[in-house]
Amino acid sequence: MIVSASVIDLPLFLCYSQKFLKKLLFFRGFMDVKRICAEVLDGIRPDKKRVADVLYVVKPFLKSISDNLKSLKLSAKVVLGGSFAKGTWLSGDFDVDVFVKFAMKYKDDDLSGLLEQVLKPFGPERVHGSRDYFWVRKGGIKFEIVPVLAISRPEQAQNVTDFSPLHVAWVNENGAGLKDDIRLLKQFCKANGVYGAESFIRGFSGHVVDILVIHFNGFLNLLKAASSWKTNKKIVIDHYNKYKGRALFFLNKSKTQSPLVVVDPVQPDRNAAAALSLEKLRVFLKAVRGFLKRPSEEFFVLHKPDFNKLSKKGHLFVVDVKTLDAKPDVAGAKFVRAFEFVKKQLGDFGVVDSGWEWDEKSKGLWWFVLKQDELPVFFELKGPPVNLKDSVVAFKKKHKSVFVRNGRLFAKVKRDLTSAFDVLLQALGSDFVVGRVRSAKVGLV
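The end of the sequence shown is residue 445 by our numbering, with every number in the run present.
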């Protein structure tokens, strides 16, 4: 018996084939992403030996602080905080946060002063903040030791730092199975220069990273959601739906100026992402879309500036900077403000690319790639419209070579400096820069 082949419906066949191909490509892409994330985690997740080595230093140090509290008859408890307490710290890139939780009976006392007495044997460095805290370096580890009140309810807090132990507890209660996802997002943000709420960064704080991963139930779920975010309207994350979609109405307007509003699950009247700038959100979203389109480990690697590549874009100038001996947030903010001032002074030369890096201690770099390194001796200065008589008189009085074009006055003005190098030197020697960094010198590439 001969069975005849049925005629294939070609359009239908192609339609199903394309759907199958899309699913296949999506599956392959998904597997690539999963593989890359696993490989990245291998490099950033501390192994058992690393954990043991760190605990070997941490445990005795915490006990020493606890013993000192007892000897001074202070009612306080020493606990781990930050990423170490959450189990989200990155191998090779971490500090150990320690909270000294003082009993509520000390709520009217100077907690920083009390803690300074406790830490005196360790030679602490006092860091000024909303409530002063301390740095101690021991066994190759930097400890950040913060005095807090042992609050049990948010309304008992007298300082923003009092909430920190509650943040740790919230992450441990709600993100038990998401610690590696938090590590991935943290590393992704660090590599793309958007991690940290400090005023000189204005990126994602560690707390916001925690909330986002927990809210979207994973790193990849967050990236998928973020890939559709638009920067021309507020993005609101309200994990517990506290405000029923009306967070922007109920929250204080001063707290919702950031492009991303994240209702703090511990302090619902607070926007945890208030420090995030539009610029850093755009950088983050560009990285997210780039990674999802072409997954690569490169998105998790912090790259040093490639001055060879930069020099091919135009005229490259590099400045070696030493920052002020101050709290990192203060020194960093002044470092960045000075950078922005210098960049503005070089504006007439056409800034093609620019950037900075800082070790958050004392050494930094600025770089500027300019379209041209020499300008004409004269330039045209735009003046007032001809119908503004008083302004016209004042403009003519101030400038000699004045002419009219399209109903507006212009003047031919001689530049004091025409060389980019000279303008750069002048900017570096200005009061604005000198008052914000210890030194700034043009370096060699």
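Hints should not be assumed to be uniformly reliable.
Under the rule of at most 25 Å between Cα atoms (straight-line distance), these lysine to aspartate or glutamate pairs were calculated in the DMTMM-like manner [said to hold, decoys possible]:
| no. | residue 1 | residue 2 |
| --- | --- | --- |
| 1 | 441 | 380 |
| 2 | 138 | 360 |
| 3 | 361 | 116 |
| 4 | 343 | 374 |
| 5 | 343 | 422 |
| 6 | 334 | 360 |
| 7 | 48 | 93 |
| 8 | 334 | 374 |
| 9 | 286 | 269 |
| 10 | 190 | 390 |
| 11 | 304 | 42 |
| 12 | 224 | 380 |
| 13 | 304 | 95 |
| 14 | 343 | 298 |
| 15 | 327 | 360 |
| 16 | 398 | 340 |
| 17 | 361 | 380 |
| 18 | 286 | 238 |
| 19 | 138 | 155 |
Derived from the structure by calculation, the hints contain no laboratory data.
Only a predicted model underlies this, so the values are computations on that prediction, with no experimental measurement involved.
Hints and how they fare:
1. 441 x 380: Roughly 31 Å separates the two Cα atoms, so the pair is violated.
2. 138 x 360: holds, 19 Å
3. 361 x 116: Holds. Residue 361 to residue 116 sits at ~23 Å (cutoff 25 Å).
4. 343 x 374: It holds: about 16 Å lies between the C-alpha atoms, which stays within 25 Å.
5. 343 x 422: Holds: residue 343 and residue 422 sit about 14 Å apart, inside 25 Å.
6. 334 x 360: holds, 12 Å
7. 48 x 93: Since the Cα atoms of residue 48 and residue 93 sit roughly 16 Å apart, the hinted pair holds (cutoff 25 Å).
8. 334 x 374: The hint is violated at about 29 Å.
9. 286 x 269: violated, 30 Å
10. 190 x 390: violated, 54 Å
11. 304 x 42: Holds: residue 304 and residue 42 sit about 22 Å apart, inside 25 Å.
12. 224 x 380: violated, 50 Å
13. 304 x 95: holds, 22 Å
14. 343 x 298: violated, 28 Å
15. 327 x 360: holds, 9 Å
16. 398 x 340: Violated. Residue 398 to residue 340 sits at ~30 Å, over the 25 Å cutoff.
17. 361 x 380: This hinted pair is violated, its Cα atoms lying about 44 Å apart.
18. 286 x 238: Given pair residue 286, residue 238 holds - Cα atoms ~23 Å apart, limit 25 Å.
19. 138 x 155: violated, 35 Å
In the structure shown, a violation is registered for the earlier hints numbered 1, 8, 9, 10, 12, 14, 16, 17, 19, in ascending order.
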